[in-house]
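Undergrad: Protein chains in written order, with this note's numbering: chain H, 27 to 222; chain G, 27 to 747.
By construction, these hints were calculated from the structure, which means they are not laboratory data. Any given hint could turn out to be false.
Said to hold, decoys possible - Restricting the straight-line Cα-Cα distance to at most 30 Å, the calculated cross-link-like pairs of lysine-lysine (DSS-like) are:
1. G:Lys256 / H:Lys178
2. G:Lys334 / G:Lys399
3. H:Lys202 / G:Lys399
4. G:Lys606 / H:Lys178
5. G:Lys606 / G:Lys617
6. G:Lys186 / H:Lys178
To be verified - Stretches of chain G that chain H covers, calculated by requiring three or more beta carbons in the stretch to come under 8 Å of a beta carbon on chain H:
7. 206–214
8. 225–235
9. 462–471
10. 663–669
In this text the structure is predicted, and so the values were computed from the model without any measurement. Cβ coordinates follow ideal geometry from the N, Cα and C atoms, glycine included.
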Amino acid sequence: MESALTGPGALTDVSGRLAGRPLEEWNAAYAKVENYFHALRIRNKALLGQLVLRVLERAMKRAPVEPDHSATQIAAEEMDRIVTEWFAEVLHEPPTNTDQMLSTRGRLALLLADMPGKWQDQFLRPPPWPEEFVHSMRDAYLRAGPGFQLSKMTPRPFDLGPLTTLTNLGRIPYLKMVVAWTLFILLLFAVFYFTH
Amino acid sequence: MPGAPQSVPASDQSSPLGVTPLPRVHRGGRVFIFYSSALLLTGLVSLLFADLLWRTGWSASSTVLFALFVILFLLIAIGGMHGVFGFILRTFGDPRRITQTDYRGQSIAGTSTAIVFPMFNENIVRVYEGLRATYESLAKTGQLEHFDFFILSDSTDPDKWVEEERCWYELTRELDALGRIYYRRRTDNEGRKSGNVRDFLNAWGRRYRYFLVCDADSIMRGETLVDLVKLMELHPTVGLIQTVPALVNAESLFGRIQQFSNRLYAPVFIAGLNYWALNLGNYWGHNAIIRTEPFMQHCDLPQLPGQKPFGGQILSHDFVEAALLSRANWEVWLAYDLEGSYEEVPQGMIENAQRERRWCQGNLQHGLVLFAKGLRGVNRLHLLLGIFGYLAGPLWLVFLLMFNWIHWYQKYTGLSEFTVHGYLTNLSGTAHAFLVFIICMAVLLLPKVLALIDLSFDWERRRAFGGLARTTVGVVGETVFSTLHAPLLMLWHTRFVVTNLFGASVGWSQQRRGPDGTTWLSAIGRHWGHTLIGLVWGVFMWRLNQVLFWWFTPVFTGMVLSIPLSVWTSRRSLGARARKLGLFLTPEETKPPVELVSLRSQLRIHEMTDDTTPRRAHAGLAEAVLDPYVNAIHVSLLREKQLNPVYAEQLAKLGAGREEVRTLGRKLLTEGPAQLTAVERFLILTDAHAMVRLHQQAWLRPDESLAPWWRAAIQEYSHRD
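Chain H on its own, in the form it takes in the complex:
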């Protein structure tokens, strides 16, 4: 079976366009998809190239019928779709258009299962997958803390006795000014007292 990239359609036309778009546009799309897979820590260049081409292949099929969208945009959408569909398959969770949490769960599962270190070859691969990989993906759950056991500490106010009255002195208007003046008068008094 021929794909958009390997079949006759993959060749540029006479005006040097691919799937109806200039080569530069596909180059930008390639970079975008590659960047994202790179961010997912796909470090094997052969695998990385293969995955990017797989996304572009689907994008090129859409490109002729969606002239209003750039190749980059279509490729990014396809990349998101492919990854999310694959997450749904591996995690056994149906993809929904509304809940973007599947993608989050999937990425977290990739991290916890150590996809970048142990399972790069399984990423975006169709089933069957090794048992261990599937288990580690499905069991992945990040816990920031043990189950909550809620309680409520309640402060008991101090009984400061008559001092409480003193603490309310701060509410007197212009207290600081009055204190400053009093201190000044006391200072004058002290100067007089000590010098006589």
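Given chain H's structure and the hints, the job is docking chain G onto it.
TA: Just chain G now, kept in the frame of chain H:
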């Protein structure tokens, strides 16, 4: 997890196994003997000082001077008595220690302890590596299953927040400690550190029989942690055990001097403290194990009535929490002979003063708590000593000024200096004054000398300090430094106290540190006032009385030399040179414990491998949005937080989940983070849905619809390994 804690306060149970809490009358006797000794000494020396004043002619100024002398001498006499009593107890044995009983065989099966690390915009690498060292040490004891670790973040810097999450994940992966080391960030900082711990207790406290509070720079040996739990298990009436953390890891000369004095003097001094405090000991806020249930029941701190600086939130919460536990009849002990508890020390005089400033405000606030009904007398003493730790600075300054004033007055009014004979008829006035001075110095230096003698009795410790001769030279060096440093602390404390009393906060911008310590510019900025005061005072004294001038030289010298002193003592190179000469050595330097070796080697690896190029502004936000894994971690933690109704309510109150956050998210992408306020950026980071959407949009949107900042961030992000 084990079941709920089963504990009873001291008053509800007959003598527990091991240490028998002293009947109150005995502790009262100890307090009486201790403070009477200090008072007796103060009385005798005050009499001598009063006689000296009498000889010069008593005046109103003399009365003020005398009153100040009594207070200040009493404080140094109390310090001296700590040395004397501690020395005696260490020489002849102390039967009243929490560690006195054989607790090693005690089982900790069925216990659960949370080790919590509250942090606030800290150096993440250092905190996490300290946690790693503690974790690995604990793992070696084979008792890890009885402990959980919690990183309790209060960080307000979004970049730090994201980095903390990422590093937490990496650490747990490396240690295979997912489900053993947890991370929680609060949505608000209410109550600061005590509020942070209270929040932890409200969420998880009931799961743990004990919790152990660490500071951001704490390191604990695994065996020590297990020992603390054993001690708690053995003594069901004990609510809190405070260890005495050894200061470690200092590299600058200042830091090494501080850790040397801490390691040498603290054992004697704290043994003296334990003599009178016994089971009404104190809590210093970290490196202490606490029985969760009574703490939750009795130690939620109320707001103090009135306005700042005394009213409002209690800043130095630890002393008060210990007092509240004691009030509820729970014992609080200082496990002063338990090794394996460490913390770090500021590396320069300015950083040290910065820390003092915070503590000063909190300790002054205790002036109000002091009068709270129901507190034990011993706890009031702890609070009072803490307050005078800072009040002594201004009192000393007033004492010196008053002394100068009297001399100036006598000189310019033509009064003769010595008018009548006193008790010591054979002594001249100068010799009399010198005698009082010598006694003061002797009492001040007594704990140091006793600590040195104490060291000479212990061959192993002596060797750990590099030998008696080197330690003696170290003590002399430390004393010279303290003499120069003390006048600066006096000026600083005076400033802190005065500004706090007037309800103002002391302005203190971030200090500039070079690779080897405090920069000259920073030192000039902080110390020019000290230098000026020293110069003016020195000139004044020279013109007043040249003999008196020489008596005052230690005070001026510290002030005049404050700038070079601050810069040079902060130098790592000088610290290293002193170490090479065998000066200021501590046991942790001569024979470093495994935990510290591990910490240092990990930090060294970070130094060599970490990217040191400055991160672009909002790098944390970029990472949380763009990195597929960091985004997933961040969102998962936010979602988990929603499971706690309290957190969910707080998040909702902040605005998480509202339409306006989506709008802000769009603005973030199209205009870049600089166009949003810090609050708006924070709001986005607290909204799980917004973060998921931002991740998707940042990668899906065509470059033209992203702000140039994002395009650059994606480029930068995609090319890193």
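Undergrad: A separate judgement is required for each hint: does it hold in the structure or not?
TA: A quick look at each hint next to the structure:
About 28 Å separates the Cα atoms of lysine 256 (chain G) and lysine 178 (chain H), which keeps this hinted pair within 30 Å; it holds. This hinted pair checks out: lysine 334 (chain G) and lysine 399 (chain G) have alpha carbons roughly 21 Å apart, not beyond 30 Å. At most 30 Å may separate the alpha-carbon atoms for a hinted pair to count; lysine 202 (chain H) and lysine 399 (chain G) meet this at roughly 29 Å. Taken as a hint, the lysine 606 (chain G) and lysine 178 (chain H) pair is broken in the structure, with Cα atoms around 54 Å apart against an allowance of 30 Å.
With a CA separation close to 15 Å, the supplied pair lysine 606 (chain G) and lysine 617 (chain G) stays within the 30 Å bound. Taking the CA atoms of lysine 186 (chain G) and lysine 178 (chain H), the gap is about 29 Å. The hint holds against a cut of 30 Å. A stretch counts as covered by a chain when three or more of its residues have a beta carbon under 8 Å from one of that chain; for the stretch 206–214 of chain G and chain H the count is 3, and the coverage holds. A stretch counts as covered by a chain when three or more of its residues have a beta carbon under 8 Å from one of that chain; for the stretch 225–235 of chain G and chain H the count is 7, and the coverage holds.
Here the stretch 462–471 of chain G counts 0 residues with a CB under 8 Å from a CB of chain H, which misses the bar of 3, and the coverage is violated. Only residues whose C-beta sits within less than 8 Å of a C-beta in chain H count toward coverage, and the stretch 663–669 of chain G has 5 of them, enough to reach three; the restraint holds.
Checked against the numbered hints above, the structure breaks hints 4 and 9 and satisfies the rest.
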